[in-house]
Amino acid sequence: MEEKATSQQLLPHLFRLEYAKMTAVLCRHFGLQHIEIAEDIVSETFLKATEFWGLNGIPANPTAWLYTVAKNKTKDFLKRQQLFDTQVKGNIRTEEQQPAPDLAFTQQLFNDSQLAMIFAVCNPANSPESQICLALQILCGFSVEEIANAFLAKTETIKKRLLRARTNLRNDDFKITTLQEDAIQPRLDTVLRTLYLLFNEGYFSASNNHLIRKELCSEAIRLTLLLAEHPLTNSTKVNALLALMCYQSSRLDAREDEAGETILFEQQDKELWSKELIDKGNYYLVNACLGNEVSKYHLEAGIAYWHTTPTDNKKWEHILQLYNELILIEYSPMTALNRTFAFAKVYGYDKGIIEAEKLQLETNSYYQSLLGYLYADRDVEKAVGHYKRAIELTKSAKEKRTLLKEVERLKSSSTSIK
Amino acid sequence: MKEFVLIFRTSNNADFKPSPEQMQERMNWMAGIASQNKLVDKGNSWSPVSAKTVRPGNVVTDGPYTEIKEFVAGYVIVRTETLEEAVELAKDNPVLKSGGNVEVREVLKREINN
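So the protein sequences, as listed, match chains A and B. Counting from 1, position 5 in the first sequence corresponds to residue 5 in the working numbering; the numbering is continuous, with no gaps. Counting from 1, position 77 in the second sequence corresponds to residue 77 in the working numbering; the numbering is continuous, with no gaps.
Don't take each hint at face value.
Below are the BS3-like pairs computed for lysine-lysine, each with C-alpha atoms no more than 27 Å apart in a straight line [claimed, not checked]:
1. A:Lys314 / A:Lys270
2. A:Lys398 / A:Lys382
3. A:Lys79 / A:Lys159
4. B:Lys17 / A:Lys358
5. B:Lys52 / B:Lys2
6. B:Lys69 / B:Lys97
7. B:Lys52 / A:Lys358
8. B:Lys2 / B:Lys69
9. A:Lys351 / A:Lys315
10. B:Lys91 / A:Lys351
11. B:Lys2 / A:Lys315
12. B:Lys17 / A:Lys314
13. A:Lys275 / A:Lys296
14. B:Lys42 / A:Lys296
15. B:Lys2 / A:Lys358
16. A:Lys411 / A:Lys388
17. A:Lys314 / B:Lys97
18. A:Lys345 / B:Lys109
19. A:Lys351 / B:Lys42
20. A:Lys351 / A:Lys275
21. A:Lys400 / A:Lys214
22. A:Lys296 / A:Lys280
23. A:Lys395 / A:Lys411
24. B:Lys97 / A:Lys351
25. A:Lys345 / B:Lys91
26. B:Lys42 / A:Lys345
27. A:Lys280 / A:Lys382
28. A:Lys214 / A:Lys296
29. A:Lys358 / B:Lys97
No lab work stands behind these hints: they were computed from the structure.
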């Protein structure tokens with residue numbers, strides 16, 4: 001009985017870990033057009049594991065067991081197919097017969113296959129959202145329900161999105177079998193953007209499921225690490241993105257209390273920041289600065305770096321400078337608001353308010369909460385007004401609670417003065 | 001939305017080098033416009049030293065065109081609804097503090113069927 005319980009705990013873990021790897025390796029053999037064959041074989045392998053392990057207990061080396069089964073299933077499939085081709089179709093061309101696959105399942109094969117798969121999945125024909133969904137399903141082994149949970153979307157919506165994305169994937173003539181520089185370089189920016197968004201989905205997601213969000217972040221890091229470790233893709237931009245992810249992740253545990261409520265940056269227990277991840281961030285940021293290139297990932301990693309050093313009194317000036325450069329590279333309301341926050345930290349809240357009000361992002365909840373924050377010590381009534389609008393606008397229940405608390409605090413402090 | 005070129009002129013002083021504070025101020029000004037999503041082209045700065053002026057009759061003189069005791073230092077292009085709005089953006093440019101001026105000109109779009 002005990003073994004049964006462990007197999008139920010072990011399988012989901014192994015599934016998440018090995019499903020994507022196995023699919024990538026097999027898909028590389030069968031080609032993108034036949035991704036379903038690869039997925040079927042992998043699913044059957046795990047199904048067999050569920051049955052067999054449940055009855056006989058977990059084998060000594062579960063991973064090796066899985067790969068042996070997958071290899072045999074692949075051989076069986078190819079034998080059947082060959083039989084079909086030669087006898088049923090009468091299509092006898094022995095000299096062109098496919099050699100038996102060399103599925104040695106080495107680390108090198110895993111890395112190459114998964115890297116190829118990342119580039120296949122990040123197909124510009126699909127929208128960034130679809131690319132992320134596809135990445136979560138194919139590269140990270142997430143179920144449709146888990147993806148829907150992470151996106152706060154209906155399962156049906158995600159299913160439809162995946163179906164469309166998969167059609168584009170099959171029709172794409174991306175060569176997954178060989179990794180070639182001329183195929184990789186034009187897509188590298190799309191790949192980085194998707195990984196960046198995948199990470200942000202986890203880091204800023206409105207989903208309440210802390211575990212899923214953490215997993216999104218660590219999956220994004222795992223995939224970016226694959227890029228950094230492969231000579232074909234190890235660029236300064238990749239290192240910058242990896243540094244950014246490490247810095248942000250270092251605060252994952254510090255920004256939520258036991259009840260899952262958000263702890264604002266300024267109130268976080270800095271002891272809870274992961275020193276190890278900050279060190280890794282530093283390592284990749286140094287690598288990122290080896291060239292002359294300054295990408296948005298460099299700038300964002302730079303900003304995240306300054307956030308991990310709370311003692312420097314020039315900190316906000318550095319951050320403002322980086323945000324200034326970032327907003328010139330690419331406009332986004334979020335960058336504009338963050339830049340304005342940094343501006344207020346450097347030049348005072350009065351000037352900050354003037355700068356903030358120029359943005360005119362009335363329907364953006366962060367715009368309203370930024371103004372609420374800047375007005376808090378100057379004009380409680382205005383601050384409360386802005387916070388209330390932010391509460392109406394935000395879709396995140398957690399954000400709502402945090403803002404409500406702030407409104408209560410402001411109201412009680414203003415009545416105590418009177 | 002219309003586009004406007006903001007042309008910066010400074011006094012005829014080729015030795016002028018902006019201080020780090022002035023550079024920071026200029027950067028803040030431009031990023032402030034970009035934050036409002038009104039920046040079309042951040043332009044670039046033009047050297048007052050590495051410059052020649054070419055005149056008719058194969059006459060080439062050293063330096064930028066300074067007949068009017070000032071020279072064009074650079075430009076940016078912004079996107080606003082009205083000329084007045086573009087003028088408001090120009091009013092905050094730090095070049096005004098050091099004796100320069102800003103010329104605001106609408107970019108005319110050539111219409112094909114007009």
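So, going through the hints one by one against the coordinates:
Taking the CA atoms of lysine 314 of chain A and lysine 270 of chain A, the gap is about 19 Å. The hint holds against a cut of 27 Å. For the hint linking lysine 398 of chain A to lysine 382 of chain A, the alpha-carbon distance of about 23 Å falls within 27 Å, and the restraint holds. At most 27 Å may separate the alpha-carbon atoms for a hinted pair to count; lysine 79 of chain A and lysine 159 of chain A exceed this at roughly 33 Å. Of the pairs offered as hints, the one joining lysine 17 of chain B and lysine 358 of chain A is violated, with about 30 Å between alpha carbons and a cut-off of 27 Å exceeded.
With a C-alpha separation of about 33 Å, the suggested pair lysine 52 of chain B and lysine 2 of chain B falls outside the 27 Å cut-off, and the hint is violated. Restraint check for lysine 69 of chain B and lysine 97 of chain B: the C-alpha separation of about 17 Å stays at or below 27 Å, so the hint holds. For a cut-off of 27 Å, the pair hint linking lysine 52 of chain B to lysine 358 of chain A is broken: about 40 Å separates their Cα positions. For a cut-off of 27 Å, the pair hint linking lysine 2 of chain B to lysine 69 of chain B is broken: about 31 Å separates their Cα positions.
Taking the CA atoms of lysine 351 of chain A and lysine 315 of chain A, the gap is near 18 Å; set against the 27 Å cutoff, the hint holds. At most 27 Å may separate the alpha-carbon atoms for a hinted pair to count; lysine 91 of chain B and lysine 351 of chain A meet this at roughly 16 Å. The hinted pair formed by lysine 2 of chain B and lysine 315 of chain A fails the criterion: a straight-line CA distance of about 38 Å is larger than 27 Å. The straight-line distance between the Cα atoms of lysine 17 of chain B and lysine 314 of chain A is roughly 24 Å, inside the 27 Å bound, and the hint therefore holds.
Of the pairs offered as hints, the one joining lysine 275 of chain A and lysine 296 of chain A holds, with about 24 Å between alpha carbons and a cut-off of 27 Å not exceeded. Between the alpha carbons of lysine 42 of chain B and lysine 296 of chain A the distance comes to roughly 17 Å, so the proposed pair stays at or under 27 Å and holds. At roughly 18 Å between alpha-carbon atoms, lysine 2 of chain B and lysine 358 of chain A fall within 27 Å of each other, so this suggested pair holds. For the suggested pair lysine 411 of chain A and lysine 388 of chain A, the alpha carbons sit about 12 Å apart, so the restraint of at most 27 Å is met.
For the hint pairing lysine 314 of chain A with lysine 97 of chain B, the CA-to-CA distance comes to about 26 Å; that is within 27 Å, so the pair holds. Simply put, lysine 345 of chain A and lysine 109 of chain B have alpha-carbon atoms about 41 Å apart, too far for the 27 Å limit, and the pair is violated. A hinted pair counts as satisfied when its Cα atoms are at most 27 Å apart, and lysine 351 of chain A with lysine 42 of chain B qualifies at roughly 23 Å. Between lysine 351 of chain A and lysine 275 of chain A, the direct Cα distance comes to roughly 35 Å. Violation of the 27 Å bound is thereby established for this hinted pair.
In summary, the hint linking lysine 400 of chain A to lysine 214 of chain A is supported, as the alpha carbons are separated by about 21 Å, within the 27 Å threshold. Between lysine 296 of chain A and lysine 280 of chain A, the direct Cα distance comes to roughly 19 Å. Compliance with the 27 Å bound is thereby established for this hinted pair. At roughly 23 Å between alpha-carbon atoms, lysine 395 of chain A and lysine 411 of chain A fall within 27 Å of each other, so this suggested pair holds. About 18 Å separates the Cα atoms of lysine 97 of chain B and lysine 351 of chain A, which keeps this hinted pair within 27 Å; it holds.
For the hint linking lysine 345 of chain A to lysine 91 of chain B, the alpha-carbon distance of about 24 Å falls within 27 Å, and the restraint holds. A C-alpha spacing of about 25 Å is found between lysine 42 of chain B and lysine 345 of chain A, which places the hinted pair at or below 27 Å, so the restraint holds. Between lysine 280 of chain A and lysine 382 of chain A the CA atoms are separated by roughly 43 Å; this puts the pair beyond 27 Å, and the hint is violated. With a C-alpha separation of about 23 Å, the suggested pairing of lysine 214 of chain A with lysine 296 of chain A holds against the 27 Å cut-off.
Taken as a hint, the lysine 358 of chain A and lysine 97 of chain B pair is honoured in the structure, with Cα atoms around 22 Å apart against an allowance of 27 Å.
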